[in-house]
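As you go down the protein sequences, you meet chains A and B in turn.
In terms of the working numbering, the first sequence opens at residue 1 and continues consecutively.
In terms of the working numbering, the second sequence opens at residue 374 and continues consecutively.
Wrong hints could be hidden among the right ones.
As the list claims (entries may be wrong) - Distance condition first, Cα-Cα at most 27 Å in a straight line; then the derived DSSO-like pairs of lysine-lysine: (1) B/K473 <-> B/K491; (2) A/K154 <-> A/K109; (3) A/K353 <-> B/K493; (4) A/K16 <-> A/K51; (5) B/K466 <-> A/K353; (6) A/K52 <-> A/K188; (7) A/K51 <-> A/K109; (8) B/K493 <-> B/K466; (9) A/K108 <-> A/K183; (10) A/K188 <-> A/K147; (11) A/K352 <-> B/K466; (12) A/K147 <-> A/K112; (13) A/K108 <-> A/K51; (14) A/K183 <-> A/K147; (15) A/K109 <-> A/K188; (16) A/K108 <-> B/K466; (17) B/K491 <-> A/K352; (18) A/K25 <-> A/K109; (19) B/K492 <-> A/K352; (20) B/K473 <-> B/K492; (21) A/K353 <-> B/K491.
Keep in mind the hints are simulated off the structure, nothing from the lab.
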Amino acid sequence: MADHKQLTLWEEMQNKGYSRRDFLKFCAWMGAFIGVESTGVASVVRAMETKKRPAVIWLHLQECTCCSESFIRSSHPIVADIILDNISLDYTETLQAAAGHQAEAAMKKSMKDNWGEYILLVEGSVPTGDDGVYCCIGGQTAEARLKEAAEGAKAVIAWGNCASNGCVQAANPNPTTATPIHKIISGKPLIKVPGCPPIGEVMAGIIVHILAFGTIPQLDGQGRPMAFYGRRVHDTCYRRPNYDAGLFVEEFDDENAKKGYCLYKVGCRGPVTYNACAVTKWNGGTSFPIQAGHGCLGCSEANFWDHGPFYQHLASFPGFGIETTADTIGLGLGVGAAVGIAAHAVITNIRKKDEINEHIETSAVPDRDQEGD
Amino acid sequence: MRKKEIALFRVYVWERPVRIYHWLNALCIVVLCITGYLIGNPIVLQHGGNDASMLYFFGWIRFIHFAAAYVFLINFIVRIYWGFVGNQYSDWKNYFPYSKKHFQNMWDVLMVDILMIKKKDIETAGHNAVANFTYFLTFLAFLLSVVTGFGMYSAMSDNWFSSLFHWVIPFFGGDLILRMIHHVTMWFFVVFTIFHVYLVFYHDYVDGSGVLSSMAGGWKFVTKDKFLRKNQKKPEPAKK
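In isolation and in its complexed conformation, chain B is listed as follows (with noise of 0.2 Å):
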């Protein structure tokens, strides 16, 4: 029944501050969204019959919100700094197309994986090139977040961190557009979050190279090849 076997080895892919730092992200993002929808558009309490003074619900909804960002703007620095320390899947460099066998990776992402018009082994340890590139977006947009949001933050708070951002409103025009635009930010992580998560899927189902449970232990599966070739370029192999 079985023509071959074929040998998986293991890659110690996502090292543990990236894995903190994307479960600790995820968990910002859905916080940051629902409570900045409902900053947005909030759900109306109650009809008459309570005193204002008896509530701080809305209060609540803010600070959490408020709250999360400092921790999704923390944890992003640290992952920018693991950039530069951590190992070769992780490294900065990786986020932005340069070489091209970063364009020649796109290419085939767009013809095998996303197009399915061509078949062609383009199985990648780390990200793909694709990936990467809208992980870079993501960072963009994160940034984007951060500075609107803390922007409007600014304007309410005299901490010397939010006075920062003092510049931005000015810098924008308004608090009206920053708003629009903080918003438009969320629609964002909530698109990408839609294709993020059926790509893990995808990915998982198509490659089975673990990529669904590497978020949680790091580790990755590769054929032979794969792994003898990486470990020819980099002499070193993944940390651990």
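Chain A extracted, bound-state conformation (with noise of 0.2 Å):
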């Protein structure tokens, strides 16, 4: 590997036979995905034709692998032949050829060869439960390793809801006491990439934004990618005008779904989920689930798994059984209320009886000039 770090992906393009075209319209495409006004494509393409690929070292902590699938699935060949394999992806236990004693050996050499300039791509969370027993890899806690590795990043991406939030595995009763990587690292830049998985354009993006600016993207107050999870999937959703119109769908299988209403009334989460599904799309901007005819799930939110029912719009509420809204709890209270002034109003007849003909027999009595007010 380490003769490929001296090469610029620009470089490492032409050995793969992509010709100047192709690279050019990988780079605008790029530049339109990391947001930048097409007079920053140039810096994009000086970039590529300067910049020395980082070393990158990719963690696979608790997770499923479905980032690295996502990831892999990018719908430009480029991404895939030139960013995943040839990135200096010096460690990464899915794609490595390494096994054993070797992966280990190269992840450390790696390390320490390019200490404090290695970005780290962390997939999966953290499970600190029971000393870490839940997740160990090459003989160290998933803990202890995260740690090791991130003490020397430039910086860090949190790939996924797992890493970003803990995810499935973080669900109520979180039995591995799964946790999200930035209660474990603090003191570098990290960007977190929710989604279960992240859309894999957007994975490359973000690499694309790191190697072109240097910089880590702007961040929105829960340190995702503005420029990605800056608009709620229902501000973009192609069935909005459904929405503002009133019209929406009651059950799947109703006249409004097959004139492909708006989802917000079987539970859709797109106006609480902050993410591109609806205009990257997936598997190379095929679909993605609400054009499939399904309401998101919110899988790039936090604690999205403990906010079900998925097909109601209200989460159940906290403490009581499953689809008991707040409505249901609320309604409950209404009616207890009038039931107890009911009550009390009959009470009041009763015990404050004398009191109110004290008042009566008290009054004064009326005057032809005085009005009464």
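Got two chains here, separate frames each, mind docking them using the hints?
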């Protein structure tokens, strides 16, 4: 791997047989994804031509590898060919050729050679329960491994909802005490790329941004790149006009579902989910859940597993049975209040009878010239 | 037939800004609850047939909700301001039980008005301590409602004011939680309104102090003793 490190991405692409035209198209395409204006594409091109590929270490902790799967299916072939094959991905359990001690040695060497320079990509959460026994790699707990690798990283990217928020492993009752990585490491620039999985193009776009500009992209209040997580799925959804019009699907087999109306009432999480699904879509821009007729599950939001049921607009109220919404409880309280005051009113007439009669008795006799007020 | 006649004094309790605040607030809460409930659980306009470009029904519901939210908030701010410059009955300090007198009054209200197991004359010209404390809780609910509401709104608005609430979503940990809390505050207002309206009728009926109409004209009626006692403590009577 060492000899590869001298090449720039452009040189690498030439070796792979890509033409200049392909290269420029790739840069323009990526530039559009990461949200640079057209004049900024030149800086993407220049960066690809001149900058050496950064060393990358990709840790797989408590996860299902769907993030990796999403990434290698990014629609542009160059992403898979160049970014993944040749990005100096010095260590990634799923795709590396090396195994066992060899792999460990490769990781250690890469960390040493690029100390303070490499980018750490983390997929999966960190189980901290029972001294971390639930996820051990190379004789180390996930937590120790992450801390060690993060120490020398230039920046850390949390791939997917596991690394960003804990996802399904952290869902109630969270048996392994799965913890998102921002609670484990500190003092490093951290980019959260939530989603289960995140969109492949989004993942590629973030790497290209770091490569092209040498900085981490602009992040929102929760540490997610604004370019991809700045808007709700709802705000970019092609079914949005139906929402504004008041045209809703009520059952998945009703007439409105056939007409492609808004899925808000059948629990679509689009209005509470920040992601680029409705813009970038999936599988090379083929479709996304709502286009396929199913509501968004909110997979890029924290604790989305615990906010079920998925086919209900309001999540069930914590502490009560499933499918007990705030409305059920509110209505119960309202009825309780009404019953309570009715009882109080009856008792008032009994207990306060004397008092009220006394008021009546002691009231003044109205004169003709005094208007009652 | 009549044992004795009792003279009642007319006290100007609720000044005009307080009354305007009350009714504007009531209107806002009704509008916000209805539109808010519809936002949470929209009625389905029709089953097929129409094209989305012909309609903006849900858009209007949401617009009314957001517009009413602004009115509600500004009204609330004006009321807080009035708590510092208004008369003794609207003073902000009333809303926190801090002295023994307040707690004594709370206890009396519990025994006399709520459980009705004790008889005592505890009529107050303004709010009693329990009412004041309940209003303090409603102010907290207003605050929670405003913060969660504008927090959700900030995601869909570039307005400078709503952008002041960008911190809310990360603070609460996501829009869905925010939506839930906001929804629960609606039910708080519904339950509050039930009790509030009932108790006004109750006091009007039992005390005969004109509390029901006091929010229209501002006047309440108290016995001479109470009027004098009040005026001894505070040299100036209720401002007019």
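Now the hints, each set against the structure:
Between the alpha carbons of B/K473 and B/K491 the distance comes to roughly 20 Å, so the proposed pair stays at or under 27 Å and holds. Between A/K154 and A/K109 the alpha-carbon distance is near 16 Å, which keeps this suggested pair within the 27 Å criterion. Restraint check for A/K353 and B/K493: satisfied, since their Cα atoms lie roughly 14 Å apart, inside the 27 Å limit. Annotation: proposed proximity of A/K16 to A/K51 holds, straight-line Cα distance about 18 Å (limit 27 Å).
Pair hint B/K466 plus A/K353 does not hold up; C-alpha atoms about 35 Å apart against a cutoff of 27 Å. Restraint check: the Cα-Cα separation between A/K52 and A/K188 comes to about 22 Å, which is no more than 27 Å; the hinted pair holds. For the hint linking A/K51 to A/K109, the alpha-carbon distance of about 22 Å falls within 27 Å, and the restraint holds. The hinted pair formed by B/K493 and B/K466 meets the criterion: a straight-line CA distance of about 25 Å does not exceed 27 Å.
Taking the CA atoms of A/K108 and A/K183, the gap is near 24 Å; set against the 27 Å cutoff, the hint holds. Between A/K188 and A/K147 the alpha-carbon distance is near 11 Å, which keeps this suggested pair within the 27 Å criterion. Straight-line distance between C-alpha atoms of A/K352 and B/K466 comes to about 32 Å, which puts the hinted pair past the 27 Å bound. For the given pair, A/K147 sits about 15 Å from A/K112 by alpha-carbon distance, which is consistent with the 27 Å threshold.
Our distance criterion of 27 Å between C-alpha atoms is met by A/K108 and A/K51, whose separation comes to about 24 Å. For the proposed pair A/K183 and A/K147, the alpha carbon gap of about 11 Å is at most 27 Å, so the pair holds. Proximity of A/K109 to A/K188 is assessed by CA-CA distance (about 21 Å); at most 27 Å being required, the pair is judged to hold. Under the criterion of a C-alpha separation no larger than 27 Å, the hint pairing A/K108 with B/K466 is inconsistent with the structure, at around 65 Å.
Restraint check: the Cα-Cα separation between B/K491 and A/K352 comes to about 10 Å, which is no more than 27 Å; the hinted pair holds. With a CA separation close to 35 Å, the supplied pair A/K25 and A/K109 exceeds the 27 Å bound. Straight-line distance between C-alpha atoms of B/K492 and A/K352 comes to about 9 Å, which keeps the hinted pair within the 27 Å bound. Note on B/K473 and B/K492: the hinted pairing holds, with a Cα-Cα distance of about 20 Å set against a maximum of 27 Å.
The straight-line distance between the Cα atoms of A/K353 and B/K491 is roughly 14 Å, inside the 27 Å bound, and the hint therefore holds.
When the structure is compared with the earlier hints, violations turn up for hints 5, 11, 16, 18 and for no others.
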